[in-house]
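Chemist: Guided by the hints, dock chain X onto chain W, whose structure is given.
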Amino acid sequence: MPCSRTDHLLREYFSDDLSPVMRAEIEEHVTACADCAAQLRELTGAARELRRWEDIPTPRWDRHMALFRRERGAEKAPGWKLAWQWIPATACALMLGLMLLNASVVYQDGALEISFGSPGLAAVDQRLAEFNRLQADEREQFADMLARFEQLRMQDLETMQAGYELLADRDYETVRSLQQLVSLVGSTGVAGW
Amino acid sequence: MRVSSSDEKLVAGALKGSARAWRQLVQRYESRVYNLGYRLTGNGEDAMDLMQETFLGVHRNLHRFRGEANFRTWLFRIAHNKAVDLNRRKKLLSLTGGLDDGGEFAGGEFSARPETEPDHGLAERERNRLALQLLGRIPLEQRLVVELKIYQSLTFEEIAHMQEISVNTAKTRFYAALKKMRLIPEEENALLEN
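So the sequence lines, in the order shown, correspond to chains W and X. Heads up: the first sequence runs through residues 851 to 1043, numbered per the working numbering. Heads up: the second sequence runs through residues 1041 to 1234, numbered per the working numbering.
Bound conformation, chain W alone:
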């Protein structure tokens, strides 16, 4: 004869909030009731078979990475990395700006002079005249320097000539002294030898 308590007791038996007292009561009843015991065996058998499932390997898929990158953007680089990436771009932009504004940077008289735009023909002529004047000054200074070198060379030659003459005079006096000594020795000492 079917047990009238089976459904209620077994439903509670599979609860996750079953108290120890309730569990003991159900187990006591199941031990005594053949119908409940048979049903519990069948139910736990089914649950056991379900738990024997072996996980099937997941096939390869893109994990929505393309979608993620498209909608949320690529992975952000650290801040310092982004800062370094901006340096070449900034330098290029700066150079382009200088070119477009026709800017010139000149170091003159110990100071940096930055000017923008074309200097104009009058300014170019003025700079050219200044350049020519400087060139002429440099040529004149070079000629003066050459003349000075020539003068110094002539002075050196004269000094050398005077030196040689003095040396020749001394040599001449030396030779005469030797001749006198030889003649003296020849006239006085030959007899004694």
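Source of the hints: derived by calculation from the structure; they are not laboratory data. From a predicted model like this one, the values you see are computed outputs, not experimental measurements. Errors might be hidden in some of the hints.
Output of the computed footprint for chain X on chain W, the stretches with three or more beta carbons under 8 Å from beta carbons of chain X [unchecked claim]: (1) 863-871; (2) 890-897; (3) 904-916.
Cβ atoms here follow ideal geometry from the backbone N, Cα and C, with glycine treated the same way.
Modeler: Only chain X this time, still in chain W's reference frame:
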């Protein structure tokens, strides 16, 4: 819990645009979701569809995840809803009958398309075939309760909240499902012989 906080970190990272965090999050749960899909649908193609739909839902709603609920529970709630949607479009795993009556999955899905699970051995496939046959006896609403209770270890309270039913109804569905799946003595003997 360590796992939960780690999940939250990955969610936060993904919300900031970290592709790496998103990949880790998906990798962590894809196998569980795929196998959930396989048990609910009974075939690899639908399982793959369900998994992709689930993670698409996660991606679309990631900003709504506030960390109040467990990420795992939140994920399975999405998977649950996607399975219900999929069931409306297709009739999932509708099988009735005993283990030996040559139903839709008797000797069917795994052995018919072994290329789907190349790493699966014969014994594993046989165990899974039996589980699918048992699951095929019950309707989707009960199958979902069994899935969440037995395979995902959710409490009846969590399942009830997910299905918007009372805790008692969740318990009743689970018990009713077990009764439909119970092994009659002949079936148990056949299993013991195998």
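Chemist: Hint by hint, say whether it matches the structure.
Modeler: Here is what the structure says about each hint:
With a cut-off of 8 Å between beta carbons, the segment 863-871 of chain W has 4 residues touching chain X; three or more are needed, and the interface restraint holds. Remark: the segment 890-897 of chain W is confirmed as covered by chain X, as 5 of its residues place a Cβ nearer than 8 Å to a Cβ of that chain, reaching the required three. A stretch counts as covered by a chain when three or more of its residues have a beta carbon under 8 Å from one of that chain; for the segment 904-916 of chain W and chain X the count is 10, and the coverage holds.
Of the hints listed earlier, there is not a single one the structure fails to meet.
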